[in-house]
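All chains, please: the whole structure from these sequences, using the hints.
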Amino acid sequence: MDVEVRLFESLKKHLPEGGKVQLAEGSRVSDLLTALGISTDDVGILMINRMDGRFDQLIQNGDVVTLIPPIGGG
Amino acid sequence: MPFGYNGKILHVDLTREAWNVEEPDEKWYRTYMGGSNFISHYLLKELPVGIDPLSKENILVFACSVVTGAPLSGFNRYTIGAKSPLTGGFAETEAGGYWAPELKFAGFDAVIVRGRAPKPVYLWIKDGAVEIRDAAGLWGLDNWQTQEHLERELEDTRIRVVSIGPAGERLVRYACVQNDLEHYNGRTGMGAVMGSKNLKAIAVRGTQKLQMADPEKVKEIGRWHNERIKTHPPNVGLTKFGTTGLVKGINDGGFLPTRNFKEGVFEGADKLAAPAYHETIFHSNSTCWACAVRCKRRVELAHDKYPLDKRFGGAEYESLAALGSMLAIDNLPAVARGNQICNLQGLDVVSTGAVVAFAMECFENGILTEKDTDGRTLRYGDADAMIWLIEQIAARSGLGDVLALGVKRASEKIGRGAEQYAFHIKGQELAFHDGRGKTGMALGFALSPTGADHIETPHDVAFQGDGVSKLFPMGLFDPVEPLKTDAAKMRFFYIGQKAWGINNVLNLCNFVSVPIHAMTFGRLVEAVNAITGWDVSLYELVNAAERSNVMARVFNNREGFTPKDDTLISRWFEEMPSGPLKGKRIDPEVFRDLVQLYYDMSGWDAQGRPTRGKLVELGLYWLLEN
Numbered sequence: 014m015d016v017e018v019r020l021f022e023s024l025k026k027h028l029p030e031g032g033k034v035q036l037a038e039g040s041r042v043s044d045l046l047t048a049l050g051i052s053t054d055d056v057g058i059l060m061i062n063r064m065d066g067r068f069d070q071l072i073q074n075g076d077v078v079t080l081i082p083p084i085g086g087g
Numbered sequence: 074m075p076f077g078y079n080g081k082i083l084h085v086d087l088t089r090e091a092w093n094v095e096e097p098d099e100k101w102y103r104t105y106m107g108g109s110n111f112i113s114h115y116l117l118k119e120l121p122v123g124i125d126p127l128s129k130e131n132i133l134v135f136a137c138s139v140v141t142g143a144p145l146s147g148f149n150r151y152t153i154g155a156k157s158p159l160t161g162g163f164a165e166t167e168a169g170g171y172w173a174p175e176l177k178f179a180g181f182d183a184v185i186v187r188g189r190a191p192k193p194v195y196l197w198i199k200d201g202a203v204e205i206r207d208a209a210g211l212w213g214l215d216n217w218q219t220q221e222h223l224e225r226e227l228e229d230t231r232i233r234v235v236s237i238g239p240a241g242e243r244l245v246r247y248a249c250v251q252n253d254l255e256h257y258n259g260r261t262g263m264g265a266v267m268g269s270k271n272l273k274a275i276a277v278r279g280t281q282k283l284q285m286a287d288p289e290k291v292k293e294i295g296r297w298h299n300e301r302i303k304t305h306p307p308n309v310g311l312t313k314f315g316t317t318g319l320v321k322g323i324n325d326g327g328f329l330p331t332r333n334f335k336e337g338v339f340e341g342a343d344k345l346a347a348p349a350y351h352e353t354i355f356h357s358n359s360t361c362w363a364c365a366v367r368c369k370r371r372v373e374l375a376h377d378k379y380p381l382d383k384r385f386g387g388a389e390y391e392s393l394a395a396l397g398s399m400l401a402i403d404n405l406p407a408v409a410r411g412n413q414i415c416n417l418q419g420l421d422v423v424s425t426g427a428v429v430a431f432a433m434e435c436f437e438n439g440i441l442t443e444k445d446t447d448g449r450t451l452r453y454g455d456a457d458a459m460i461w462l463i464e465q466i467a468a469r470s471g472l473g474d475v476l477a478l479g480v481k482r483a484s485e486k487i488g489r490g491a492e493q494y495a496f497h498i499k500g501q502e503l504a505f506h507d508g509r510g511k512t513g514m515a516l517g518f519a520l521s522p523t524g525a526d527h528i529e530t531p532h533d534v535a536f537q538g539d540g541v542s543k544l545f546p547m548g549l550f551d552p553v554e555p556l557k558t559d560a561a562k563m564r565f566f567y568i569g570q571k572a573w574g575i576n577n578v579l580n581l582c583n584f585v586s587v588p589i590h591a592m593t594f595g596r597l598v599e600a601v602n603a604i605t606g607w608d609v610s611l612y613e614l615v616n617a618a619e620r621s622n623v624m625a626r627v628f629n630n631r632e633g634f635t636p637k638d639d640t641l642i643s644r645w646f647e648e649m650p651s652g653p654l655k656g657k658r659i660d661p662e663v664f665r666d667l668v669q670l671y672y673d674m675s676g677w678d679a680q681g682r683p684t685r686g687k688l689v690e691l692g693l694y695w696l697l698e699n
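Sequences listed follow chains A and B, in order.
Mapping of the first sequence onto our numbering: residues 14 to 87, in sequence order.
Mapping of the second sequence onto our numbering: residues 74 to 699, in sequence order.
If you are wondering where the hints come from, they were derived from the structure by calculation, not from laboratory data.
Misleading hints may appear alongside valid ones.
Here are a few chain B residues that sit away from chain A, every Cβ distance over 12 angstroms (derived from the structure) [as the list claims (entries may be wrong)]:
hint: 1; residue: Asp86
hint: 2; residue: Ala91
hint: 3; residue: Lys100
hint: 4; residue: Arg189
hint: 5; residue: Lys192
hint: 6; residue: Ala365
hint: 7; residue: Arg367
hint: 8; residue: Gly439
hint: 9; residue: Glu464
hint: 10; residue: His527
hint: 11; residue: Ala535
hint: 12; residue: Thr640
DSS-like mimics (lysine-lysine), calculated; alpha carbons at most 30 angstroms apart, straight line [stated by the list, open to error]:
hint: 13; chain 1: B; residue 1: Lys282; chain 2: B; residue 2: Lys100
hint: 14; chain 1: B; residue 1: Lys313; chain 2: A; residue 2: Lys25
hint: 15; chain 1: B; residue 1: Lys282; chain 2: A; residue 2: Lys26
hint: 16; chain 1: B; residue 1: Lys557; chain 2: A; residue 2: Lys25
hint: 17; chain 1: B; residue 1: Lys486; chain 2: B; residue 2: Lys557
hint: 18; chain 1: B; residue 1: Lys655; chain 2: A; residue 2: Lys25
Every residue gets a Cβ at the ideal spot worked out from N, C-alpha and C, and that includes glycine.
Have a look at this one:
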């Protein structure tokens with residue numbers, strides 16, 4: 014299945030060609046991060062189809078996943 | 074019988090050594106709710122214009138909210154406020170920990186302190202009873218010694234204590250107030266106001282239960298919230314690394330304040346950040362009352378020069394920037410040691426780091442010389458110079474006596490062009506977020522009534538792309554561009570400030586609450602109603618947040634602040650010299666136009682004064698004559 018990823022700030026360097034990743038059915042967000050080479054430690058905001066997501070969440074074909082590093086607060 | 078709060082405000086007059094209890098009605102509580110609103114209310118009603126903040130005329134307020142002490146993660150904070158000795162304007166500073174719930178369990182929602190004790194005293198509040206007690210044996214002790222002394226004297230190890238260290242006693246203008254040695258009301262110099270009143274500490278012990286209007290509903294929300302905290306990515310990161318996890322992202326983004334805001338990338342950042350922090354000095358997580366996030370760090374290290382004790386609160390993001398990147402120091406044990414000294418002596422580590430950076434840049438440029446420093450050099454990267462200078466400031470010795478005034482006053486006293494390196498807004502040193510990398514945050518620094526303050530609005534970067542959907546419930550639908558300075562950015566700031574203001578008025582921790590962390594807008598409204606028995610709406614909470622901002626603004630205007638004070642530091646109007654943001658700057662003319670746009674949106678006139686219409690809209694009729 015195809016998943017669209019939107020990456021921001023220092024995560025941009027992990028953007029795949031065409032902004033899409035092919036994953037096996039039954040994959041979770043953690044599998045997507047592994048495929049992109051991104052550690053969960055480097056993710057602050059995770060949105061799936063404009064809703065808050067979880068690292069263990071199952072991904073569906075056509076999902077749009079947004080990742081932003083933790084760079085607010087203090 | 075109110076739900077969630079006591080309906081009682083404790084008033085203490087230290088000059089007359091007397092106290093009494095005020096019982097405002099439900100309408101008052103529902104209008105003002107807590108935190109900064111309580112503070113503004115008393116300052117505006119009672120404080121004469123133009124008083125010296127360190128005189129006995131100042132009023133010092135410790136304020137919880139109507140929901141503080143409910144058994145929910147993050148509902149544990151309180152705000153301290155007064156007229157600030159740093160800015161001369163409205164002061165507020167929040168902290169978590171255990172003191173605020175304990176005060177509620179002891180029967181009070183806030184404590185208002187007036188006058189000045191003829192000799193050092195502390196307050197002992199236990200289940201509605203109040204004593205003003207001699208603190209002669211406490212004066213001069215650091216915060217840890219004070220805590221130990223009070224536990225012995227009161228024969229109770231379960232007391233909760235707010236106290237000042239020697240820096241507050243000596244009226245360092247950015248002295249802080251602490252509770253439980255891990256939680257700090259850092260900003261705006263409230264430790265100095267306590268010191269000026271000869272008030273060393275307030276110890277509290279409460280055994281009364283707060284009544285919840287719908288206890289089962291509160292429990293259900295608590296279970297949901299705590300489960301979500303375990304899996305919600307922003308909270309997962311905070312539990313694992315605390316705020317130390319921010320250093321890497323902020324440095325990679327190019328806006329980690331470095332060498333006194335000159336640069337945005339620190340070459341030694343990795344040595345300060347997670348995971349290095351956790352592989353070297355980390356001991357364990359710590360937390361605040363009833364909170365499942367556990368973002369606090371305890372640190373421990375056996376080290377000849379820089380020993381670290383787990384009792385005293387570990388360095389967080391702001392401390393790592395303050396004593397690390399701002400001073401170009403990548404020695405983590407030394408930075409954490411500097412933080413520990415600030416904690417024990419009672420210095421705000423943000424202002425302290427900024428002051429030391431100012432002194433180092435003055436020394437680098439020959440404005441300060443070895444004649445000013447007892448023959449010592451003050452160079453960037455010199456960890457021992459940093460620790461020496463912190464101790465000088467706390468003791469008000471030598472150059473430290475001048476630096477204890479804050480960068481604005483110190484630069485005026487030093488002269489010789491020192492002002493060009495003194496970075497502050499409204500007299501308060503900046504927290505460590507370079508506004509060239511998140512311009513909404515810069516607007517927050519400029520427009521905060523307390524002077525440069527990063528707890529004014531959520532940071533732009535989280536709301537890029539679909540991240541903006543976190544603010545859908547507030548009516549913001551367009552993705553935020555961190556580097557833009559345009560009308561859309563001002564709309565983000567205006568709305569974000571309202572969301573953040575809800576947390577400040579209700580004394581909620583931003584690290585559990587809206588819009589980033591595990592609490593949602595809908596469930597927050599449910600929680601307030603389950604606690605209080607009211608039927609508040611999000612609209613009503615936004616109104617309470619706006620009331621807070623408007624009252625603080627009226628206070629500052631009364632004290633002589635003008636639009637000229639709503640400004641930024643000169644370095645942010647200049648191009649970033651290096652890093653990913655190389656060449657980025659904020660255009661001063663565009664910035665001034667945005668400030669005027671903010672006044673327009675807020676219902677303020679061109680001089681930044683809330684209009685008659687705005688005051689009436691918010692029900693602040695009693696301010697019409699100001």
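Structure-based check of all given hints:
Asp86/B, annotated as away from the interface, keeps every beta carbon of chain A farther than 12 angstroms; the closest lies near 37 angstroms. Distance check for Ala91/B against chain A: the nearest CB is about 40 angstroms away, which clears 12 angstroms, and the non-interface claim stands. A cut-off of 12 angstroms between C-beta atoms confirms that Lys100/B is not in contact with chain A; the least separation is 35 angstroms. At roughly 34 angstroms from the closest C-beta of chain A, the C-beta of Arg189/B stays outside 12 angstroms, upholding its exclusion from the interface.
A cut-off of 12 angstroms between C-beta atoms confirms that Lys192/B is not in contact with chain A; the least separation is 38 angstroms. No Cβ of chain A comes within 12 angstroms of the Cβ of Ala365/B; the nearest lies about 16 angstroms off, and the non-interface call holds. With a cut of 12 angstroms on Cβ distances, Arg367/B stays outside the contact zone with chain A, its closest approach being about 15 angstroms. With 12 angstroms as the threshold on Cβ separation, the claim that Gly439/B sits away from chain A holds: the shortest Cβ distance comes to roughly 33 angstroms.
Residue placement check: Glu464/B keeps its beta carbon more than 12 angstroms from all beta carbons of chain A (closest about 25 angstroms). Its closest Cβ contact with chain A, about 5 angstroms, brings His527/B to no more than 12 angstroms, contrary to its assignment away from the interface. Under the 12 angstroms C-beta cut-off, the non-interface status given to Ala535/B relative to chain A is violated; the minimum distance is some 5 angstroms. Every beta carbon of chain A lies more than 12 angstroms from that of Thr640/B, the smallest distance being close to 21 angstroms; the non-interface claim holds.
Proximity of Lys282/B to Lys100/B is assessed by CA-CA distance (about 23 angstroms); at most 30 angstroms being required, the pair is judged to hold. Taking the CA atoms of Lys313/B and Lys25/A, the gap is about 23 angstroms. The hint holds against a cut of 30 angstroms. Restraint check: the Cα-Cα separation between Lys282/B and Lys26/A comes to about 53 angstroms, which exceeds 30 angstroms; the hinted pair is violated. Under the criterion of a C-alpha separation no larger than 30 angstroms, the hint pairing Lys557/B with Lys25/A is consistent with the structure, at around 19 angstroms.
For the proposed pair Lys486/B and Lys557/B, the alpha carbon gap of about 37 angstroms is over 30 angstroms, so the pair is violated. At roughly 18 angstroms between alpha-carbon atoms, Lys655/B and Lys25/A fall within 30 angstroms of each other, so this suggested pair holds.
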